[in-house]
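4 protein chains.
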Amino acid sequence: MTIDLNADVGESFGAWTLGADAELMPFLSSVNIACGFHAGDPSTILRTLELAAKADIAIGAHPGFPDLIGFGRRDIKLEPAQIYADVLYQIAALAGMAKTQGLPLHHVKAHGALYNQAAREISTARATAQAVKDFDAHLCFVGLPNSMLEQAAQEMGLRFIAEAFPERNYQGQHLAPRTHPAASIDDPSIAATRAVQMAQGRIETLEKQTLEIDVQTLCIHGDNPNAVAIAKAVRFALEQAGFQIKALI
Amino acid sequence: MTIDLNADVGESFGAWTLGADAELMPFLSSVNIACGFHAGDPSTILRTLELAAKADIAIGAHPGFPDLIGFGRRDIKLEPAQIYADVLYQIAALAGMAKTQGLPLHHVKAHGALYNQAAREISTARATAQAVKDFDAHLCFVGLPNSMLEQAAQEMGLRFIAEAFPERNYQGQHLAPRTHPAASIDDPSIAATRAVQMAQGRIETLEKQTLEIDVQTLCIHGDNPNAVAIAKAVRFALEQAGFQIKALI
Amino acid sequence: MTIDLNADVGESFGAWTLGADAELMPFLSSVNIACGFHAGDPSTILRTLELAAKADIAIGAHPGFPDLIGFGRRDIKLEPAQIYADVLYQIAALAGMAKTQGLPLHHVKAHGALYNQAAREISTARATAQAVKDFDAHLCFVGLPNSMLEQAAQEMGLRFIAEAFPERNYQGQHLAPRTHPAASIDDPSIAATRAVQMAQGRIETLEKQTLEIDVQTLCIHGDNPNAVAIAKAVRFALEQAGFQIKALI
Amino acid sequence: MTIDLNADVGESFGAWTLGADAELMPFLSSVNIACGFHAGDPSTILRTLELAAKADIAIGAHPGFPDLIGFGRRDIKLEPAQIYADVLYQIAALAGMAKTQGLPLHHVKAHGALYNQAAREISTARATAQAVKDFDAHLCFVGLPNSMLEQAAQEMGLRFIAEAFPERNYQGQHLAPRTHPAASIDDPSIAATRAVQMAQGRIETLEKQTLEIDVQTLCIHGDNPNAVAIAKAVRFALEQAGFQIKALI
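Chains as they are written, first to last, in my numbering: chain A, 1 to 249; chain B, 1 to 249; chain C, 1 to 249; chain D, 1 to 249.
Honestly, the hints are just simulated from the structure, not real lab data. Misleading hints may appear alongside valid ones.
Unchecked claim - Each computed DSS-like pair below joins lysine-lysine, with the alpha-carbon atoms no more than 27 Å apart:
| id | chain 1 | residue 1 | chain 2 | residue 2 |
| --- | --- | --- | --- | --- |
| 1 | B | Lys232 | B | Lys246 |
| 2 | A | Lys54 | A | Lys232 |
| 3 | B | Lys77 | D | Lys77 |
| 4 | C | Lys246 | C | Lys99 |
| 5 | D | Lys208 | D | Lys54 |
| 6 | D | Lys77 | D | Lys54 |
| 7 | C | Lys54 | C | Lys246 |
| 8 | A | Lys99 | A | Lys208 |
| 9 | D | Lys99 | C | Lys99 |
| 10 | D | Lys54 | D | Lys246 |
| 11 | A | Lys77 | C | Lys77 |
| 12 | A | Lys99 | B | Lys246 |
Claimed, not checked - Over 12 Å on every C-beta distance to chain B, these chain D residues come out as not near it, computed from the model:
| id | residue |
| --- | --- |
| 13 | Ala55 |
| 14 | Gln82 |
| 15 | Pro104 |
| 16 | Gln154 |
| 17 | Gln171 |
| 18 | Asp223 |
| 19 | Ala229 |
| 20 | Gly242 |
| 21 | Phe243 |
| 22 | Leu248 |
Predicted, not measured: the structure shown is a model, and the values here were computed from it. Cβ coordinates follow ideal geometry from the N, Cα and C atoms, glycine included.
Chain A with its partners taken away, still in its complex shape:
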């Protein structure tokens, strides 16, 4: 009974700070580090790697669309060849910087609109997964279960890590869109209860139906103002329920 707890970190940029990475990391078992295209910059990456090393957790690359002003959350129509090159560049930059600190890259998780587009469109998913595979076929590939991300991982022979979101509501089979008034869950105790259900294989949707899932990681959004409290509550509840919080080996 193990489960991974991940968050997106390293999302500051230059003079602008985002997220409470140092406070958040002690509750996590893995982090996805922004690579400089939608957020992050070389100095921020180094600082984030140091925090991750100190917290002794697994690190992943978190590549996004080249859209700083949109924080990688806006759909951009790129050719698959461009997605491949952009993702490969970002993974390489992050992995190479991590190597200098003795940290091996553990996984890749796409960010924002790239993640959503790759979950929907096989061409985007394949371009992303191919970049992961070409860089290092032993990397884990994190994504939405039953999505094109999972299909691409299977096609490439990449180890897939399915994720769920304890502080996001689900509608039908999917995440409720961010524009939905109940998209986010800010109450740490509700997020904690949902986290345990998810680790046990169930998600309750907004329509009060139960989805059966099989996920290996749970994601806390680092830019949620309650992120630290949520992570703390989620971790405590999971441990109480008998789960060990650790990254997949």
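Dock chains B, C and D against the given chain A, drawing on the hints supplied.
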């Protein structure tokens, strides 16, 4: 009697093309590939790597200041820690992309204002050389002989490759600044004659004095409109003079 | 019998040159100047304004998506409020710079993916047209006839200038996509013949059908390698056919 | 007995928030709005203009170096012609956006490294002041008294507004550099006392000497975490001392 012949390549960006990389590479033994900060982008890097693989020449990272609009040619006052992070990121991105094509990184050469600042200021040189060393202590480090770049390489135990510029004039001990009317030499035959002298250990300055030098590589500027003709003439003259054109192993 | 002849100019960026603006302008009666988001930069804008002043032709702002690496040719899903703000900023920057050279802004024409998206989607067209109107309700608004661009102009009470493309083929009612092998017409004499037909109210499509149109401007793509020869041939043919080449007053 | 109280605002960028503009503005009589080069973006500018309109205070353009990652605080060596173009573009963009909201541009104040460089170097000061003058010769030009900024304003015939910094310490005749441990003053009551002294014509330096000055505006740094408390205390103290807080007309 061997000498390396290098040029800066991969300096296109998105829809904008710069340089005649495909025509130039067959005359070279190594290239310095822009890494996306002053020029280049992930798709351009991939294309450039393919050309280098086809030409079977050594590849190096060509990191620059984060100054796309200034093409990395404007002095920016960065903290050494930022220079270190920026250079490390760029080397890592390029080396990681090259690895997927089976190309090992051979060297690092700083670009433009970063090169000039590092030649002058030991703090910039050290930050740059430290990033090279931390990424891979076996990489060669290309730079101006008798400069802070050379000193930093020695301090770090990096293998230093001294370079000279056959199509640039020298003033006193240094390159004539680009603003000097005779800064550039556009005539391929003059460049070729100077290249042979340089390979033989001599540079004639604008003041008609002779500098004694010991250089292992000669650089052709890829953005010179005559670059291809110059490279061709230089290579032919060097071979006629008994030099073998090849990268240091 | 007058017709306007326009082209996109000012599309260089920093060290990268695109287009032959100085050679092209003498054949035109108006230009659309890139504003720094998909191409162009402040120094390029000033240089372009000087050329336009010398050629004594009408100037327009050519706002695009904030996508330098994609040259504004990739679809980005922006909120209408962001499109409004981005377009307003670009118009303001260009108009203010033009004012210092005594040049009044004549029109606005959206660029690339913004143009195409606004031609298709009324929300994008309205956000763009609203920015034009709020900046200066007397500006002309250039776009595809019978598109959402035209509808938005009518709703806002903006003067609409309908345009056709003599060096692009049409498929059905629309431009053949750039991916179509016959998308572009490189032969100046064919472009010239089509220009006269268009000025006279007809377009012959790839399916050999004739569209009836009513256009007030014809566009030559400045990044076409034949742009200057095409502009010259088109202008000559139009004048031979009795048209006066001038911007709408 | 009037004095202006200004702050730099609009320094957020995309998803990143900086400063507490809405809380700060009610205590000010003028603001300097970032124009998108070192901070700010079109949507942020619009939001900031709305706040300024609501607070009914004077607005100025706050142009900076094109250095988002460095927040415009790093020295960059630009040609004067580039500085001129960059500043003109930024003023034009901001003024044009303000015009659509019925807000006239009141002044221009350079940001960060551009401000400091222009205070020191007459060529930078002239390029900046020339852009102000060419855009609108009636604009006020804010800067350090007895600096090259003041000299350039005089040469151009621009109305100069001299400023002092109540929450910054002075060393000799100048601001103590940001690297000085006592560079900033975080205690609102000390800042308030200094503000009154400055409005009355005196600055006490770190060496306990008294500089005689004649300033018309006092600047509160909006990115100071105590900015709101400082602005409140400064305003109250100035009003208690008999000063009316208002922008120059």
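What are the numbers of the hints that this structure violates, sorted from low to high? 5, 6, 8, 12 and 14
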